[in-house]
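Chains as they are written, first to last, in my numbering: chain A, 543 to 756; chain X, 33 to 221.
Source of the hints: derived by calculation from the structure; they are not laboratory data. Backbone N, C-alpha and C fix where the C-beta goes; we use that ideal spot for every residue, glycine too. A few of these clues could be false.
[Stated by the list, open to error] Straight-line Cα separation of at most 20 angstroms, EDC-like style, residue types lysine to aspartate or glutamate; simulated pairs:
{"id": "1", "chain 1": "A", "residue 1": "Lys570", "chain 2": "X", "residue 2": "Asp82"}
{"id": "2", "chain 1": "X", "residue 1": "Lys155", "chain 2": "A", "residue 2": "Asp684"}
{"id": "3", "chain 1": "X", "residue 1": "Lys155", "chain 2": "A", "residue 2": "Asp606"}
{"id": "4", "chain 1": "A", "residue 1": "Lys732", "chain 2": "X", "residue 2": "Asp187"}
[Stated by the list, open to error] To spell it out: a stretch of chain A is covered by chain X in this simulated footprint if at least three of its residues, at any positions, have a beta carbon under 8 angstroms from a beta carbon of chain X; those stretches are:
{"id": "5", "stretch": "591–605"}
{"id": "6", "stretch": "717–723"}
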Amino acid sequence: MRKTFAQESQKGMRHITNEGLIDYVDGKGTETEKSAVENHLTACKDCMELKQELQFLVGRLQEDASFEPPTELVQWGINLFQPVSRPETGGLPKFIASLVFDTFDQPMFAGMRRVGIPPRQLLFRAGAVDIDVKIEAMEANDRITLVGQVLSGATKFFDNTPVKLESHGMVRYRTQTNVVGEFSFDEVPKDTYHLSVDLPEGQITLFCVHRANS
Amino acid sequence: MSVSKYKSYTDPELVSMCLKGDGVAWEAIIRRYRRLVYSVPVRFGFEDADAADVFQAVCLKLLEHLHEVKDDRRISAWLVTTTTRQCLHVRALKTRETTSEDELQEPEDPSINLEELRVLTEKQQAIREAVEELGDRCRTLIGLLYFDSTSPSYDAIGEQLGMPVASIGPTRARCLDKLRMMLRRRGFK
């Protein structure tokens with residue numbers, strides 16, 4: 543605890559005000575004023591601690607502006623949720639599938655070198671339903687092919703199930719699963735997509751994005 | 033309901049609302065943690081494009097893993113870890129793409145101390161959250177002084193806040209002191 547102004551005055555020592563310390567931290571004031579503050583700080587441990595505390599605080603506040611992501615990037619992150627937040631029209635419950643496996647997150651073996659861009663494989667799960675997805679980038683034409691399979695834990699296949707690929711809030715492509723629950727979207731433009739699978743129990747939404755290495 | 037009304041909700045409350053399909057709760061989470069996430073690739077020294085890739089990947093991961101973080105009191109620790117891993121992953125990929133086999137054996141960049149980065153990133157988030165809890169006048173003043181990219185003059189700040197220019201310095205000192213005391217009470221060192 544810092545001693546009171548009166549206590550310090552009796553000893554002939556006046557503390558620097560917070561405003562004075564902040565001005566000093568900001569580099570404001572004349573050379574004489576700065577020098578007076580510095581002289582005091584060398585003799586007053588309390589003021590030195592307060593100065594360091596304020597310096598850290600002001601420093602963090604000042605640098606925080608440089609951590610502000612571009613507005614469109616923040617909006618991109620917000621828009622990820624749009625398909626789920628849209629009002630339901632069919633009355634079906636909606637589920638967000640959890641990502642349980644992603645080759646993007648798997649470390650490469652030490653010393654291995656990449657030849658071309660490998661397909662990205664993901665496994666999503668919503669309740670008893672698993673959805674395997676493979677995304678392959680076509681380097682030649684800047685497109686991706688997305689194939690997958692919808693199956694349940696009881697090895698049941700979901701055939702003739704509608705599958706939609708959405709981007710920017712609109713359904714871009716539609717298909718259906720075949721007899722073994724497989725579906726495919728061939729050579730679609732690279733983009734961030736939401737994949738929705740319409741099951742009798744509800745609509746499952748997955749989030750797939752084109753990343754630098756997918 | 034506007035996103036500003038969601039500011040008072042805790043992380044678990046927001047996550048629960050997200051899982052029920054509330055897009056505004058999701059927006060509140062993204063806005064609350066946008067600078068925390070973006071600060072990590074910036075501190076790694078990434079270019080804008082790579083920092084944006086990391087930001088996007090982490091937003092996506094958060095959405096994919098919402099079920100897992102729903103019971104966490106604070107998402108910030110999960111985000112710092114996930115974003116740091118993503119940065120290391122991106123850096124490793126880039127290193128492999130641009131270096132020869134011999135160079136692959138070199139150790140990681142020692143200039144980045146991951147533990148220091150974690151502590152600093154979490155402290156910075158604690159400061160942001162404390163600023164959000166200050167009264168309107170202090171929050172606006174600190175926003176204008178430190179976060180406004182246009183760097184408004186004291187005259188402009190005085191006009192906006194309806195206060196004499198001579199009062200800005202003392203008010204700033206009082207606001208920073210409130211902030212400092214608030215952080216102290218929370219065990220911030």
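Numbers of the earlier hints that this structure fails to satisfy, in rising order: 1, 2, 4, 6
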